[in-house]
Amino acid sequence: MLDRLLFRFSLALVAAVRFLAPEPERYDWLREWQGELWYRRQGEMSWRRGARSGGALLVRALGAIPHALWLRAQEWRLEMLIQDLKFALRSHLRNPGLAAVAILTLGIGVGAVAIVFGMVNSILLKPYPFADAERIYFVNNADVERPGARLPLSYPDFHDVREAASSLEAMAVYDWEPFNLRVDDATLWVEAGQVTAGFFKVLGAEPMIGRVFTQEDDRPGAEPTVVLSDGLWRNELGGDPSIVGRSIVLDGEPYTVIGIVPVAMAYPSGARIWVPLRGDVNRWSREQHWLGSLARLKPGVEPEGARAELAAIGRRLEQEYPGTNEGRSVILTELREVLVGDAGSLFLILLGAVGFLLLIVCANVANLLLARATGRQREMGVRAALGASRTRLTRQLLTEGAVLAAGGCALGVALAFAGTRGVLALLPGELPSWIDTSLDWRVLAFAAAASAGSALLFGLAPALYASRPDVNRSLKEGAGFASAGPDRGRLRSLLVVGELALSLTLLVGAGLMIRSFVRLSNVDPGFETRSRVMGTMQLTTERFRDLDERRRFAISLVERLESLPGVRSAGLINRFPMLGSSSSVSFFIEGESPETYRTNPSTLLAAASPDYFSTMGIPLLRGRTFRDSDDADAPRVVVINDVMARQMWPDGDALGQRIGWGYPTEFGEIVGVVGGIRHFSLDQRDGFQTYSPYAQAPRGRLSLVVEATGDPSGLVSAVRREIRALEPNQALSEVRTLDRIVAESIWQWRFFTQLFWLFGGIAVILAAVGVYGVISYTVSRRSREIGIRMALGARGGDVIRQVVRQAAALVLAGLSLGILAALGLSRLLESTLYEISVLDPLTFLSVPAGLAIIALAAAYVPARRASRIDAVDALRVE
Amino acid sequence: MATSRNLSLTALSVLQAVAHGYRYGFDIMDATGIPSGTVYPALNRLERNGLLRSRWEAADLAHDEKRPPRRYYRITAAGAEALEEALSLLRRLERSSAPRRGAAPRPAEG
Numbered sequence: 001m002l003d004r005l006l007f008r009f010s011l012a013l014v015a016a017v018r019f020l021a022p023e024p025e026r027y028d029w030l031r032e033w034q035g036e037l038w039y040r041r042q043g044e045m046s047w048r049r050g051a052r053s054g055g056a057l058l059v060r061a062l063g064a065i066p067h068a069l070w071l072r073a074q075e076w077r078l079e080m081l082i083q084d085l086k087f088a089l090r091s092h093l094r095n096p097g098l099a100a101v102a103i104l105t106l107g108i109g110v111g112a113v114a115i116v117f118g119m120v121n122s123i124l125l126k127p128y129p130f131a132d133a134e135r136i137y138f139v140n141n142a143d144v145e146r147p148g149a150r151l152p153l154s155y156p157d158f159h160d161v162r163e164a165a166s167s168l169e170a171m172a173v174y175d176w177e178p179f180n181l182r183v184d185d186a187t188l189w190v191e192a193g194q195v196t197a198g199f200f201k202v203l204g205a206e207p208m209i210g211r212v213f214t215q216e217d218d219r220p221g222a223e224p225t226v227v228l229s230d231g232l233w234r235n236e237l238g239g240d241p242s243i244v245g246r247s248i249v250l251d252g253e254p255y256t257v258i259g260i261v262p263v264a265m266a267y268p269s270g271a272r273i274w275v276p277l278r279g280d281v282n283r284w285s286r287e288q289h290w291l292g293s294l295a296r297l298k299p300g301v302e303p304e305g306a307r308a309e310l311a312a313i314g315r316r317l318e319q320e321y322p323g324t325n326e327g328r329s330v331i332l333t334e335l336r337e338v339l340v341g342d343a344g345s346l347f348l349i350l351l352g353a354v355g356f357l358l359l360i361v362c363a364n365v366a367n368l369l370l371a372r373a374t375g376r377q378r379e380m381g382v383r384a385a386l387g388a389s390r391t392r393l394t395r396q397l398l399t400e401g402a403v404l405a406a407g408g409c410a411l412g413v414a415l416a417f418a419g420t421r422g423v424l425a426l427l428p429g430e431l432p433s434w435i436d437t438s439l440d441w442r443v444l445a446f447a448a449a450a451s452a453g454s455a456l457l458f459g460l461a462p463a464l465y466a467s468r469p470d471v472n473r474s475l476k477e478g479a480g481f482a483s484a485g486p487d488r489g490r491l492r493s494l495l496v497v498g499e500l501a502l503s504l505t506l507l508v509g510a511g512l513m514i515r516s517f518v519r520l521s522n523v524d525p526g527f528e529t530r531s532r533v534m535g536t537m538q539l540t541t542e543r544f545r546d547l548d549e550r551r552r553f554a555i556s557l558v559e560r561l562e563s564l565p566g567v568r569s570a571g572l573i574n575r576f577p578m579l580g581s582s583s584s585v586s587f588f589i590e591g592e593s594p595e596t597y598r599t600n601p602s603t604l605l606a607a608a609s610p611d612y613f614s615t616m617g618i619p620l621l622r623g624r625t626f627r628d629s630d631d632a633d634a635p636r637v638v639v640i641n642d643v644m645a646r647q648m649w650p651d652g653d654a655l656g657q658r659i660g661w662g663y664p665t666e667f668g669e670i671v672g673v674v675g676g677i678r679h680f681s682l683d684q685r686d687g688f689q690t691y692s693p694y695a696q697a698p699r700g701r702l703s704l705v706v707e708a709t710g711d712p713s714g715l716v717s718a719v720r721r722e723i724r725a726l727e728p729n730q731a732l733s734e735v736r737t738l739d740r741i742v743a744e745s746i747w748q749w750r751f752f753t754q755l756f757w758l759f760g761g762i763a764v765i766l767a768a769v770g771v772y773g774v775i776s777y778t779v780s781r782r783s784r785e786i787g788i789r790m791a792l793g794a795r796g797g798d799v800i801r802q803v804v805r806q807a808a809a810l811v812l813a814g815l816s817l818g819i820l821a822a823l824g825l826s827r828l829l830e831s832t833l834y835e836i837s838v839l840d841p842l843t844f845l846s847v848p849a850g851l852a853i854i855a856l857a858a859a860y861v862p863a864r865r866a867s868r869i870d871a872v873d874a875l876r877v878e
Numbered sequence: 001m002a003t004s005r006n007l008s009l010t011a012l013s014v015l016q017a018v019a020h021g022y023r024y025g026f027d028i029m030d031a032t033g034i035p036s037g038t039v040y041p042a043l044n045r046l047e048r049n050g051l052l053r054s055r056w057e058a059a060d061l062a063h064d065e066k067r068p069p070r071r072y073y074r075i076t077a078a079g080a081e082a083l084e085e086a087l088s089l090l091r092r093l094e095r096s097s098a099p100r101r102g103a104a105p106r107p108a109e110g
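From first to last, the protein sequence lines are chains H and S. First residue of the first sequence: 1, per this note's numbering; consecutive thereafter. First residue of the second sequence: 1, per this note's numbering; consecutive thereafter.
Derived by calculation from the structure, the hints in this document are not laboratory data. By construction, the Cβ of each residue, glycine as well, lies at the ideal position given by its N, Cα and C atoms. Treat the hints loosely; a few may be bogus.
[Said to hold, decoys possible] Computed from the model, here is a short list of chain S residues facing chain H with C-beta under 7 Å:
hint, residue
1, Phe26
2, Arg74
3, Ala77
4, Ala80
[As the list claims (entries may be wrong)] A few chain S residues that face chain H, going by a derived Cβ cut-off under 10 Å, partial list only:
hint, residue
5, Gly25
6, Arg67
7, Arg92
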């Protein structure tokens, strides 16, 4: 019973897929397969009573499909393909304007997609340039009280984990503090990594010259050694290989160069030189979590196995050191998850947006081709009458589409090459060296696939329509007169509706982004930016080990800067806002039990000079700021921001309170309340902020800020000169205006907003062209009817109104669809918007209105033309 | 024009099966164990190259038995020649790649 069913099913299957076989051979193909199946079935029945199962027969029948496809592939022989290609080229050359427009539009679409995909590729897909990068992981502490956070490791914890873990090939911790590199007369600010011996082994970096660190270099008290990056060695140090073995001056002290590594290793934090961390497990505290950590798994070790092992080690440490390690486990995180973070999803959204753009392009090109197909109705009819099969005509049209797609692909790739650089120029600063932005085969393959997909989309509809010519009708009728069936006009209208809907969705996205960007740009950072520049110093360890030296240096630097012509005032701080540098502590109020230490919120901490607040334009709200007399010998004082004052002392009695932090705790009296600033970036609200006088907390990192009376850019060299006069070994980082720092703190918003606008703008232009095309087409098709109506007394205005009304129907349909789509999709942008609802009414009203005006304007042009149709001319067309 | 050198192993197996008297597509599959989706393209190609010839059985015969007609394949003279040539080539190959005394087996060259 089942066998019979399967047999019948096999026969039906072969019959069902017969369309796959090419026409000339289809009959024989079908007969042969059905014959064999049938005979086999009957033959089996007669001599082996169903011994052969219907299942086996069905499996065999499936072979009919590859056979049919094989036959079809034989059809597409090279000669025919060349013939098709020649014909397609000739047919495009006959109408070069249309082909050029189609290729140009396609090129823009494919180029945009390729650019964005190139970025996605660089950031999310390309392997990192470390050997076997998939085996490298970040190692962190997780804290039960702060779920999701990845805490840095303490040095003793690192030591214990490294000793105990058998699944790790190597493990390293690192810190990143810049160095002052003396080169001849100049002193350069150089990003540097302080790393343990295994660091380069974890990253799989082989030295190009010399060697990398060993345990011996990393021992406390070892001779200072340094590894250079290829780039620093070539560009700043002359590129002489004999530098290995000689010494360079870092922070005023000699370090022996032991090796040079490739520039792609610029980790951590863009480091160009590395020195041993030289940690001391006996003296460094288990409570201080401040070291980044990386590990390389042994070959063949599954990440899950390594995770389990590290978790077990973490539990053991919890038991051994409950005071410091309780509630803290040891976790592994993939490189990309940490290095890319949230940016990945933004790029994917952007890729979706350009995907929309490509769809709009396809609709537009399909429209162009449909319009042309109308003109070729007669040509196709003639060819069909002369015996061209429908397959042949379809193939011809698809080949023509493929030629356009190939042209569009080539143009798109060229645009991608040119445009990627332009887009990257929108990003501030340099990308990390391990992100390779060059376009590789993936991008090319993606562009080719996008073009091929587009060719199918825009080529199929016209091909299906045009290849079904009504021979009789198209031969009988003259061209230009109502020759297209009504359904082709409908298809074109549908395409335009789709285009409008897609454009609207894109534009709503762009609108939301710009609304949020404008709102963000108008946020008050809490300090003044105009006419102010800043730069940072890492005080050299050699001279400034002595804290009094630091105090003296700070005082004389401010004095010298303030006496420069063109300087209104100058200030110093160790943690300048919006540079990614911060330190935060849990504090408590004097008199409270230390138990509250854990529950009190933490506060940002910075050490500022007396003039810092006035130079930055941070308003003093109550009390006073620092004075010169708040020096090392004076009682400790602090200034806090208003958020902290309001929240901790709601009754307004913050002044005179004493707060403290750290071990042993030193308390300082709150002497002033200042306005809060946005410390991290414009989009992050200010929390608690506490300032100490620099003289009472002289840190090694020191940023200077200068307010100029006019244009501050002229001050840069003078500032550098003053620093050199005070300490020749002291470098100053790049000097930047505060305007730029604030703008760069929201670069992500700016970047994505700009790209969204670019793509949205292109989409609008394309949609307008689409509306224009369809309305012109209808007008020309109905010129006779319009002519008659004019002859019967209709006025120009009536005609315009009628045509525009038709366009309005399209626009209304497109916009309604678009609003629905935008309502659904806008929530994808939620995480990228700043204090704007994803359903922002202003955007959802103004964007459709604007698009409607543009679309109707595009329709008005052909409508006006229609109103000037001369009745006599129109009727003479026949 | 196909020579014995550019016959694939599949084509060779199919050709040999036909030479041994398996005349129908499904019988050839049974004889060679090659899947159906591969056998038919091989048959078509061999026929195009003149090594096989196919015929349809008489329509009235099939009609009398109320079944579709079957297509059967025969080897041509050129096909028989190509088959013989290919088989002798294979035999030569086998000899040249047989391990010599004292020498480790290694893959045939050429």
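Verify the interface restraint on Phe26(S): the C-beta must sit less than 7 Å from at least one C-beta of chain H.
-> With a minimum Cβ separation of about 5 Å from chain H (threshold 7 Å), the hint on Phe26(S) holds.
Does Arg92(S) pass the interface check with chain H, least Cβ-Cβ distance below 10 Å?
-> Violated, about 32 Å.
Answer holds if the nearest beta-carbon of chain H is closer than 7 Å to that of Arg74(S); otherwise answer violated.
-> violated (15 Å)
Holds or violated: is there a CB of chain H closer than 7 Å to the CB of Ala77(S)?
-> Hint violated; Ala77(S) Cβ to chain H Cβ min 24 Å, cut 7 Å.
With a cut-off of 7 Å on the beta carbons, see whether Ala80(S) makes it to chain H.
-> At about 24 Å, which exceeds the 7 Å cut-off, the nearest Cβ of chain H leaves the hint on Ala80(S) violated.
Minimum Cβ distance from Arg67(S) to chain H below 10 Å?
-> holds (5 Å)
Does the interface hint hold: is Gly25(S) within less than 10 Å of chain H, judged Cβ to Cβ?
-> Since chain H brings a Cβ to about 5 Å from Gly25(S), closer than 10 Å, the hint holds.
Consistency note: the structure conflicts with the earlier hints numbered 2, 3, 4 and 7.
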